[in-house]
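Asker: If you're matching them up, the sequences are chains S and B in order.
Position one of the first sequence corresponds to residue 5 (the working numbering), numbered consecutively onward.
Position one of the second sequence corresponds to residue 5 (the working numbering), numbered consecutively onward.
In case anyone wonders, no lab produced these hints; they're calculated from the structure.
If chains are identical, the list can't say which one is meant, so a pair holds when it fits in one copy or spans any two.
Result set (DSBU-like, lysine-lysine): computed pairs, CA atoms no more than 35 Å apart in a straight line:
| # | residue 1 | residue 2 |
| --- | --- | --- |
| 1 | K71 | K82 |
| 2 | K82 | K142 |
| 3 | K10 | K82 |
| 4 | K142 | K252 |
| 5 | K82 | K258 |
| 6 | K142 | K10 |
| 7 | K224 | K82 |
| 8 | K71 | K142 |
| 9 | K142 | K258 |
| 10 | K224 | K142 |
| 11 | K252 | K224 |
There are 2 protein chains.
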Amino acid sequence: MLVNGKPADTISVADRGLSYGDGVFRTLRIQQGSPFCWQRQYAKLCHDCAALLISCPGEDILLHELKLLTGTESGVAKIIVTRGIGARGYAPSAQANATRIVSFHSAPVYEETCYVDGITPHLCDLKISRQPRLAGIKHLNRLENVIAAGECQAAGAVEGLLEDEEGFVISGTRSNLFAVIGGRLLTPDLSASGVAGVQRDRVFSWAEQNGIQCAATRLKMGDLLQADEIFLVNSVFGLWPVARLQGKDFSQRKIALAIQSWLNDAQN
Amino acid sequence: MLVNGKPADTISVADRGLSYGDGVFRTLRIQQGSPFCWQRQYAKLCHDCAALLISCPGEDILLHELKLLTGTESGVAKIIVTRGIGARGYAPSAQANATRIVSFHSAPVYEETCYVDGITPHLCDLKISRQPRLAGIKHLNRLENVIAAGECQAAGAVEGLLEDEEGFVISGTRSNLFAVIGGRLLTPDLSASGVAGVQRDRVFSWAEQNGIQCAATRLKMGDLLQADEIFLVNSVFGLWPVARLQGKDFSQRKIALAIQSWLNDAQN
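Construct the entire structure; sequences and hints are all you get.
Answerer: So, in structure tokens, the structure goes:
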């Protein structure tokens, strides 16, 4: 693990990442030493830092540090960028130097059935909050995801779905959702909640390349239950079809499996 | 500073307090070595830990550690309790041992005018989100407060007011709000947003002791502009009257100053 470029496994207690969750992060696959979809990951990191007015580490520095940690191995890297060390008090200091933490982990292993047969997500009791100023950003304020993931764990489910207070479906607890409805790909509007992940963007790209309409819109559970296919994506597990939701079985997989394969192989 | 009882100024990068803001905190005044309103502070810490299913450190341990740091000095102590070190992934591990961090700081010095003449809070652009599962808890997911405090800083205001998306006033950026309306003390309902602080509870106690009705209710800016007095409280600065809000001057201070004095002197 590297903290600001130096081997370390600790950070200052005064870091605002700890005090307030004042920072952002990325989790990405490393394939034989190469960060997968790096351009997209780095662009998101820059975007999210800019949204919080945190200075983003340079691309060369991060690539160098990733290489130092990964060599030619495969696994999962995590990059955290916080606003840095600060005095007590919420107001950000203009002088703070961002803290960057780069770590490398073994890749989690998921059962083949998740990819082939699909999963049955738990519908979370927790309703995700609306906050347009933070929506889309992969920031460090993730207690809602922690609570939701705890619910899934208790329910024995590998992933769960999150709705907002008004009943609009937003995402999985750690993934973005798509539905095939009337030949179009639809994904929840994330202008007020959720994280707009790299794999979500890549599904839009796949759709464009394949002449299939793809749009972000407001979706309720009733809309999903009308879908021909539903699937979840993230940068670590790739794509999991949804096999069953609220007692309804989804047997079609055609578009999901085509996208699954493309997400695994394409480099952009 | 003490981390799990040992002198240290760092924590593990794998601490969930950093990864997800998965923890809670308290900030309290220390008067000549005595933690002010300790029973209330510790009760809140226990309540907030329980709400997140984090194991709360024992009272004796915390009092011992505070004493080690403060001796007979005065200042401000901060206690952070996180869910502890965890593997990558949102789901909390049942085995995690909570991390406790106790630190001692010099007390901030505020201008006398804030206490006597009152302040003019900035009305924040940021609308605070609704999340009943986290409302009231002083958890480490504080990006909304960071953004709001940044707004106040830019506006040159010593504190700001936060409304939710529906226009209900919730609190200051680091304080709770009260208004004297029709001879009653009213404070925002915090069932969906905000932090229910120790000083807020103490104002309820003062009201009870003084035979004045005090209630939590839904308040809009229009209600506040009808108030005879408005004031803000927190455990560090005590009580600041509001002198001016949205162009309206508030000249009465009678109840605010009575409570201000009681909050400073009473030990419960």
